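**Q** Line by line, the protein sequences give chains R and L. Numbering of the first sequence is given in my numbering, commencing with residue 1 and proceeding in unit increments. Numbering of the second sequence is given in my numbering, commencing with residue 1001 and proceeding in unit increments.
Everything labelled a hint here was simulated from the structure, so no lab data went into it. Each hint should be verified, as a subset may be incorrect.
[Claimed, not checked] Chain L regions said to be covered by chain R (calculated; three or more residues, Cβ under 8 Å):
1. 1008-1014
2. 1019-1029
3. 1052-1060
4. 1080-1093
5. 1101-1109
[To be verified] Residues from chain R that face chain L, not an exhaustive set, calculated with beta carbons under 7 Å:
6. E4
7. S5
8. N7
9. L8
10. A29
11. C30
12. W55
13. G79
14. D80
15. W83
None of these values were measured; they are calculated from a predicted model. Every residue gets a Cβ at the ideal spot worked out from N, C-alpha and C, and that includes glycine.
Protein chains: 2
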Amino acid sequence: MSSESGNLLAGIPASLVAEQFDLLLQTGACRLERIVSIGHATPPGEWYDQDGDEWVVLLQGQAELRFADEDTVRLLEPGDYVWIPAHRRHRVERTSHNPPAIWLALHVYGVG
Amino acid sequence: MSSESGNLLAGIPASLVAEQFDLLLQTGACRLERIVSIGHATPPGEWYDQDGDEWVVLLQGQAELRFADEDTVRLLEPGDYVWIPAHRRHRVERTSHNPPAIWLALHVYGVG
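Chain R on its own, in the form it takes in the complex:
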């Protein structure tokens, strides 16, 4: 999918065993990827703890995002974006099946 042009909402399979990651752009300082989640969630008890900062937007579907330092889950709808600083622990509690959840994630290294 790392091509000169395309459509972020296209090429979505009917189901997926694991989440699908499509690399869109990779430079020395940032990585842009599409993530397709069809009912996937972070495994129980696990947390993402990332070395880099991430900016992520939900383009389609619904998702529930939880931060370890917050009491309530955030319900994300299409267009909702969240800035996730490095090492802010978080997990995805739920993603929709129909329609699939489509994310666009920008990972940033060495923020100036």
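Given chain R's structure and the hints, the job is docking chain L onto it.
**A** Okay, now just chain L, sitting in the frame of chain R:
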């Protein structure tokens, strides 16, 4: 709009004299912004000729994008993305009024 969270499809005015640029993220190596176009186009005879690379996706509405080195105009629909290398001259021929065109643009400097 440069905040920790928000919605890219929200806060769209009914009309705009000029295109609206909302900065989402700025680091040493990349700049992420939302652009709202409501019937705007690049002025006749003018071309964008940018010093940096740009990855751009249309999130809502319709737009027509023309490259100086292509014969035909590209019609962009929601989800369509395009990679625009530095100094590849291009212009926006048309954007929709209803719904407004909403873009997400990632400008990248010094691609590794």
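**Q** For every hint, state whether the structure bears it out.
**A** Cross-check of the supplied hints:
1. 1008-1014: holds (count 3)
2. 1019-1029: holds (count 5)
3. 1052-1060: Check passed, 3 qualifying residues.
4. 1080-1093: Three-residue rule met by the region 1080-1093 of chain L, so holds; n is 4.
5. 1101-1109: The restraint on the region 1101-1109 of chain L holds, since 3 of its residues have a Cβ under 8 Å from chain R and three suffice.
6. E4: holds (5 Å)
7. S5: holds (5 Å)
8. N7: holds (4 Å)
9. L8: With a closest approach of 4 Å, the L8 of chain R hint holds.
10. A29: Interface hint status for A29 of chain R: holds (3 Å vs cutoff 7 Å).
11. C30: The hint holds - C30 of chain R has a Cβ within 7 Å of chain L, the shortest such distance being about 5 Å.
12. W55: holds (5 Å)
13. G79: Result: holds, 4 Å to nearest chain L Cβ.
14. D80: holds (5 Å)
15. W83: Interface hint status for W83 of chain R: holds (5 Å vs cutoff 7 Å).
The earlier numbered hints are all upheld by this structure, with none contradicted.
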